[in-house]
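Student: For reference, the chains in residue letters:
There are 2 protein chains.
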Amino acid sequence: MNNRNNNKTERNNRGRRNPKEQKGGRKKAKLRIVPLGGLNEIGKNITVVEYKDDIVIVDCGMTFPDNDMPGIDIVIPDITYLEKNEHKIRGILLTHGHEDHIGAIPYVLRKISVPIYGTRLTLGLLANKLKEHRLKPTMVEVTPGNKFNLGVFGIDFIRASHSMPDAASIAIDTPRGTILFTGDFKIDFTPIDGVNMDLPKLAEIGTRGVLCLFADSTNVEREGYTMSERTVGEEFKKQFYDAPSRIIVATFASNLHRVQQVIYAAEHFNKKLIISGRSMVNNIEVASRLGYLKIKKDTVIDIHRINDFPPERIVVLTTGSQGEPMSALTRMAHGDHRQVQLNNEDTVIISATPIPGNELTVYDVINRLMEMGVKVVYSAMADIHVSGHACREELKLVHALVRPKFFVPVHGESRHLKIHAELAASMGMPRENILVANNGSVIEFTEDSMEMNETVDAGHVLVDGLGIGDVGNVVLRDRKHLSEDGLIVVVMTANKLSGKIDGPDIISRGFVYVKESEDLMEGMRKSVRSTLDTCEHDRVRDWSTVKNQVRSSLRSYIFGKIKRNPMILPVIIEA
Amino acid sequence: MNNRNNNKTERNNRGRRNPKEQKGGRKKAKLRIVPLGGLNEIGKNITVVEYKDDIVIVDCGMTFPDNDMPGIDIVIPDITYLEKNEHKIRGILLTHGHEDHIGAIPYVLRKISVPIYGTRLTLGLLANKLKEHRLKPTMVEVTPGNKFNLGVFGIDFIRASHSMPDAASIAIDTPRGTILFTGDFKIDFTPIDGVNMDLPKLAEIGTRGVLCLFADSTNVEREGYTMSERTVGEEFKKQFYDAPSRIIVATFASNLHRVQQVIYAAEHFNKKLIISGRSMVNNIEVASRLGYLKIKKDTVIDIHRINDFPPERIVVLTTGSQGEPMSALTRMAHGDHRQVQLNNEDTVIISATPIPGNELTVYDVINRLMEMGVKVVYSAMADIHVSGHACREELKLVHALVRPKFFVPVHGESRHLKIHAELAASMGMPRENILVANNGSVIEFTEDSMEMNETVDAGHVLVDGLGIGDVGNVVLRDRKHLSEDGLIVVVMTANKLSGKIDGPDIISRGFVYVKESEDLMEGMRKSVRSTLDTCEHDRVRDWSTVKNQVRSSLRSYIFGKIKRNPMILPVIIEA
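First to last, the protein sequences are chains U and P.
Position 571, counted from 1, in the first sequence is what my numbering calls 571; the numbers after and before it change by one each time, with no gaps.
To get my numbering, take the position in the second sequence, counting from 1, and add 1000.
Treat the hints with caution; some may be incorrect.
To be verified - Cross-link-like lysine-lysine pairs, in silico, PhoX-like; alpha carbons within 20 Å at most:
1) 563(U) to 1129(P)
2) 515(U) to 526(U)
3) 1515(P) to 1526(P)
4) 1396(P) to 129(U)
5) 1496(P) to 1547(P)
6) 1237(P) to 1272(P)
7) 129(U) to 147(U)
8) 563(U) to 526(U)
9) 1480(P) to 480(U)
FYI, nobody ran anything at the bench for these hints, they're computed from the structure.
Could you put the whole structure together from the sequences, leaning on the hints where they help?
Tutor: Structure below.
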């Protein structure tokens, strides 16, 4: 109730200003917020904040391909809108250093030149990434609490807790009011780095008045509170104590609080730590160099020294908690890791839960490890993972502190956004003040209105190898078709003058095991030959007509025989 | 403790019989148990029980393809071992009517002729399935409690509770002792059909002495008890009461207890029930005809009459709870269902949890429904699903009642089997009496020994369209390759005499968007041409050498340019 009353008061206050605005001076523009990614999807977070000739961008992330995007490496946002408005862009503001918030920057920087603002660790991780791409943009380190201006905007970074240090929420003062992006967050009252989320600041900004809140929706399906990261450390101690010999811990390289706790546990039991996996090595290097990880001098040893210590003194910290095919843990599970050969004395702790879509690869790794006799500790059997995102009660707390006039749920698939909207409504926010938007929606604000009329380009761009955007729906459809029933190439040679067509030679891939399907292959040849005979008889000299007839009759023949529908590529060569 | 003592007593008793056996009459053979499926995998359950010239088979199921089997429809067991021993087979015994226990029968019956034994509903569902395949084997209805003999074996069906009525555990008396297969089960003390699992019978058989227990491991990762199916009925009533208008319930067509509860809830609120989806219609038809579903005369209406009643009187019961692409619910979510167009008054209840691997398709359906404004009730947000399998405490109860001498965990991936083995050990069973086996392991028993020496063929056979087993690893590898980076066909014409090679023509599919990649395509043509010029210059007349050189140089060219590795098919036609 308090919440609603406050909103009403603000609305009335601001309502009074309106006539003045209409009369005097230049007419005020609307504040435009354009999410280009992160809505109705997990990942690829990027939001444009625009007022007249000024734009700032909040985050610039990538995401991973769906199952229906075979061969695609990563997915980045379509930034056509930013390219068109490059002259207005004052900077990219980063909430934290995870890939779904910074991963598209190397690709975006090839199109537009723009300075980047973030906290020390966030920029450290980004710099590491940009080095690989040989990019060196202007990067400006931000200390939360030190406000600064970009164009008409006043920028205020606010300490937030998440699964990585130095995360921030970002408040932006605009000519139409203050907007607040929570970024990814959880409320951890006992954080590993001792840096509490700045809840008093959220309350203070709320009291001053927030026009619109854009809040993380990832865990809105989960009741209650996310457990503190510290609980995982307690479980690590228990598991380390129980382990008879060598310990391998797999977790996200980006979860630096988790990494810190593995380090603490190793040091607590006087074990040596080996770091395995490229992203793990890189992240730990950056974070410890910048002072965000505490590691005693002699804790870490090189992987080549693994046999210099008895196995009970070894902890290997590795990537691969999602069963990624090329990761260190997956290679260990397949017996393909050069330095780490597992045996039935070893304990593997998978400190993560499968991200939806990764269940099968994760379970495959667990099964293989168990087949090797390894003891596997994983989330179904022990409390060795907590989320980095706020559950329902934490979200309610933020809503209650910020008391925004308007609310737009972000960071989530459609169901998360809808449920987060319901959560806000259940706290008394008028439904007309809540908006579930889409990527590309232009959300326009005055002090007391929120509208969505226009849309701009905002799809995804697929990155495959070095190609950016050269794989689209047609290519994906062909890949899917090829993967399901394979391919048949029908090669024929034709004489334009006589109309005679020789062949066919038939080549198949991914269709049937040819050696055991000779009758079928022979039947296919006869079917094509009979089509060609008909074409010759009918004096068809237009080769594309011949090809179409071959494709169509062969498709029917094959489907009739074995109910499959391979891609058929007829090729005619003129002799 | 009790458990261990009993085991010891039995062992001693039997130990005393051994000398007699050695002396008099024919030497006793070993009992051989050969799982051909269901171990280290979920599904495809089939186990051979063999003593001298007699074999009975317990279950004969299928499973669904993994992600690395594109285009495959279903996976069935390799039954080479059964084909070799067909003369010994006395029958297939079915524990219940789910696909992972009966689904391979139509394929197996094409290879071997064998009578099938099962309860009334199990055979009813099987008969329906066999009709589609135009098969009519001998089927013998079994009433639990009525023992019968097959060869040397005494067969005893025991009532079990599961997510479908008429499920059974099966005890088999063999010359070496009694073995017990639990089949799929949970312990539901308040079952929907009022038919309790026959726990007293398990105790009685246990007291008589069980040589080996083969028990369901599906839920061994879960602590405590599986909730009673009846709790879902209570939640249905609550959800039906809350729904403002039309209700759509999606669940497994095979979960007939769930189906019954939807019927009860519809009747309770005086709503009409529409049944949608082929398997749902079929299963309900069979189960109600055989008396396993109670439906009032006027409850069900045809889907074409959906508009004859106001929407608040309509419940649609449908398939598609796993987001299956062609299912009724998925079509509704895409607006493609002919009779059911959803709107923002509708409530969709998804009464299931995603089977691992199906998460993304299920969430996709939920997201699409929510985007349509539909209220979606799903397992993350409400208690509208319970499992049909026993959790840890239920498993312990069965172990405690049966008190077997030996134990082989079945129905599970490697991790389930290992954890189930640990569970048995934690109850005091000696570790040497527990065996985690593989498909194809031959487990040999005497009265007091269990050994695994030999193995037999037991892989999987892939069914793709009408083809059974004609898709193997090479074909799958090609499909995967094609799906990841697409295909390039390089067509050239050659003159054997002059050694001159014309071309190439290059055709690509699933590789790049050709119209926007003209430079790359031109570069590829030049690369091939240059290889051909070299071959001409070197007077290479062996076309397979030319093809290899074209493939290899083009692969390097493409990888250097865009880091992709498409399948390259060079074709040379002799002019």
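Student: Check each numbered hint against the structure and report the violated ones by number, ascending.
Tutor: Hint check: 4, 7 fail, others pass.
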